[in-house]
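Protein chains in written order, with this note's numbering: chain A, 1 to 244; chain B, 1 to 242.
In case anyone wonders, no lab produced these hints; they're calculated from the structure. A few of these clues could be false.
Stated by the list, open to error - Below, a list of computed lysine to aspartate or glutamate pairs in the EDC-like style, where the Cα atoms sit at most 20 Å apart: (1) A/130 / A/111; (2) B/68 / A/26; (3) A/71 / B/195; (4) A/104 / A/79; (5) A/186 / A/202; (6) A/157 / B/138; (7) A/104 / B/138; (8) B/40 / B/195; (9) A/130 / A/97; (10) A/14 / A/55; (11) A/157 / A/26; (12) A/186 / A/123.
To be verified - Residues from chain B that keep clear of chain A, each with C-beta distances beyond 12 Å, as calculated: (13) 27; (14) 36; (15) 84; (16) 213; (17) 223.
Remember, it's a predicted structure, so these values are computed and weren't measured experimentally. C-beta atoms are modelled at their ideal positions from N, C-alpha and C, and glycine is treated no differently.
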Amino acid sequence: MIIQIKNLYRRFGKTQAVDDVSLDVEQGEVVVIIGPSGSGKSTFLRCLNALEDIDSGEIIIEGHRIDRSHKDIHRVRLEVGMVFQNFNLFPHLNVIENVKLAQKVVRKRSDDVAHRRALELLEQVGLGDKTLAYPAELSGGQKQRVAIVRALAMDPKIMLFDEVTSALDPEMIGEVLDVMKYLAQKGMTMLVVTHKLSFARDVADRVIFMENGRIVEQGSPAQIFDNPAIARTRQFLTSALGDQ
Amino acid sequence: MTAIYNFNIFRGINDLIEWASQQLVIYIDIFKYLLPAVPKTILITVSSFVLALALGLIFGLLRISYRKPVRTLAGIYIDAIRGVPLLVQIFFIYFGLGAVLNLERFTAGVLAIGICYSAYLAEIFRAGIEAIDHGQYEAAYSLGMTRLQTLRHVIIPQSIRIVIPPIANQFIAALKDSSLVSIIGLRELTRAGREYYSQNFTDFQTWLLVGVIYLIMTIGASRVVKWLERYFAVKGFGTLKA
Numbered sequence: 001m002i003i004q005i006k007n008l009y010r011r012f013g014k015t016q017a018v019d020d021v022s023l024d025v026e027q028g029e030v031v032v033i034i035g036p037s038g039s040g041k042s043t044f045l046r047c048l049n050a051l052e053d054i055d056s057g058e059i060i061i062e063g064h065r066i067d068r069s070h071k072d073i074h075r076v077r078l079e080v081g082m083v084f085q086n087f088n089l090f091p092h093l094n095v096i097e098n099v100k101l102a103q104k105v106v107r108k109r110s111d112d113v114a115h116r117r118a119l120e121l122l123e124q125v126g127l128g129d130k131t132l133a134y135p136a137e138l139s140g141g142q143k144q145r146v147a148i149v150r151a152l153a154m155d156p157k158i159m160l161f162d163e164v165t166s167a168l169d170p171e172m173i174g175e176v177l178d179v180m181k182y183l184a185q186k187g188m189t190m191l192v193v194t195h196k197l198s199f200a201r202d203v204a205d206r207v208i209f210m211e212n213g214r215i216v217e218q219g220s221p222a223q224i225f226d227n228p229a230i231a232r233t234r235q236f237l238t239s240a241l242g243d244q
Numbered sequence: 001m002t003a004i005y006n007f008n009i010f011r012g013i014n015d016l017i018e019w020a021s022q023q024l025v026i027y028i029d030i031f032k033y034l035l036p037a038v039p040k041t042i043l044i045t046v047s048s049f050v051l052a053l054a055l056g057l058i059f060g061l062l063r064i065s066y067r068k069p070v071r072t073l074a075g076i077y078i079d080a081i082r083g084v085p086l087l088v089q090i091f092f093i094y095f096g097l098g099a100v101l102n103l104e105r106f107t108a109g110v111l112a113i114g115i116c117y118s119a120y121l122a123e124i125f126r127a128g129i130e131a132i133d134h135g136q137y138e139a140a141y142s143l144g145m146t147r148l149q150t151l152r153h154v155i156i157p158q159s160i161r162i163v164i165p166p167i168a169n170q171f172i173a174a175l176k177d178s179s180l181v182s183i184i185g186l187r188e189l190t191r192a193g194r195e196y197y198s199q200n201f202t203d204f205q206t207w208l209l210v211g212v213i214y215l216i217m218t219i220g221a222s223r224v225v226k227w228l229e230r231y232f233a234v235k236g237f238g239t240l241k242a
């Protein structure tokens with residue numbers, strides 16, 4: 001087990017954003033989390049690299065524990081890469097410096113090593129010619145690919161994707177999903193929160209349906225999409241698929 | 001009649017030329033006297049502002065510390081310093097502390113202006129840091145960076161662009177406020193002006209020229225700021241045309 005989550009709780013005021021979630025994820029597994037907005041899926045994902053405090057429960061990632069004390073979070077974050085809906089690229093740095101910064105500061109790589117790693121990954125996602133561009137000069141799809149590369153350059157064992165296509169124009173979604181599919185094929189352990197149900201169906205090993213902070217139902221894509229056991233899942237899928 | 005009238009005009013122009021040349025001589029004399037004091041004004045301003053920048057950054061960062069007691073202490077420092085007139089601080093440091101610590105005029109003056117302006121700069125730094133989107137912290141943290149690394153490599157470089165204009169305002173204000181240390185006998189531009197007019201009784205010309213020299217320095221400082229703003233501008237950032 002690369003990730004073990006036991007009885008995780010997280011509350012915002014009166015709403016229980018994450019309500020008693022337990023989950024084990026295996027090495028190389030692609031877990032896609034779906035659910036209506038406000039169902040706590042993003043909050044849950046953010047707990048996994050301690051961007052969100054947890055009220056109780058525990059998360060063990062590669063033997064490192066995240067709990068209320070936040071003691072081990074630095075080591076956990078080294079193992080976990082994250083990509084955000086709004087890219088969050090560093091606007092004052094050009095593309096290659098965005099990818100190099102944490103490699104140098106956190107991984108203590110030399111400028112030369114960091115540069116080669118950055119270039120190699122940027123070329124893999126088709127951005128080898130954009131290394132000197134600034135984020136403001138890129139399209140949404142290009143920004144998101146840089147953000148993925150920036151996380152990958154740290155050689156994480158797990159990647160978290162938090163609605164990474166939600167801020168993109170429709171014609172740019174494909175180029176980002178292609179990169180994610182490629183990563184999945186290469187055996188990266190991935191947790192993906194998304195509204196793109198087609199991506200869940202194509203790429204996921206396991207689909208989780210969350211609502212009101214709880215895991216309502218989980219199973220293989222075939223199980224969830226073709227034969228959901230729970231009425232609420234069926235209802236959500238009908239309306240969500242109707243939108244697509 | 002006509003002849004007399006012409007004669008008067010002639011007298012008038014003659015007088016005017018004579019008066020103007022006398023004035024010119026006075027202004028040149030004053031200027032020669034004031035000029036050696038200009039470097040001292042610049043030295044006081046720059047030294048105290050460097051001190052203010054360092055202290056201001058420290059207190060600005062303490063102001064946003066995770067620890068509440070640290071935040072509170074920094075807040076008290078800022079409020080206390082901002083709430084007392086600079087002139088009183090100069091007196092306190094030179095006559096009060098100076099007597100105990102044996103401070104020289106220059107040290108006392110630079111300390112007083114530096115500490116006073118550090119409080120304003122701390123608030124500017126804090127605002128500049130808080131203006132950066134929270135997503136920037138999240139991205140940096142998720143890459144394994146510590147809070148200090150995040151501030152140093154991600155947040156502060158972006159804040160610099162935001163804080164340059166208000167810091168420039170403070171620099172210009174500090175340049176003008178440096179005249180206050182003339183009161184403890186530091187021989188800068190204003191002090192030199194006082195010395196000159198008390199010997200020559202040319203109040204109008206002296207203070208006009210002192211004012212003009214300050215004005216030239218502040219305009220020069222604004223030009224440097226414009227250059228700095230361009231230097232720190234980021235390509236494709238904030239170039240949106242309305």
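Structure-based check of all given hints:
| no. | hint | in the structure |
| --- | --- | --- |
| 1 | A/130 / A/111 | holds, 19 Å |
| 2 | B/68 / A/26 | violated, 41 Å |
| 3 | A/71 / B/195 | violated, 65 Å |
| 4 | A/104 / A/79 | holds, 16 Å |
| 5 | A/186 / A/202 | holds, 15 Å |
| 6 | A/157 / B/138 | holds, 19 Å |
| 7 | A/104 / B/138 | holds, 18 Å |
| 8 | B/40 / B/195 | holds, 15 Å |
| 9 | A/130 / A/97 | holds, 12 Å |
| 10 | A/14 / A/55 | holds, 13 Å |
| 11 | A/157 / A/26 | holds, 11 Å |
| 12 | A/186 / A/123 | holds, 17 Å |
| 13 | 27 | holds, 48 Å |
| 14 | 36 | holds, 43 Å |
| 15 | 84 | holds, 37 Å |
| 16 | 213 | holds, 38 Å |
| 17 | 223 | holds, 24 Å |
When the structure is compared with the earlier hints, violations turn up for hints 2, 3 and for no others.
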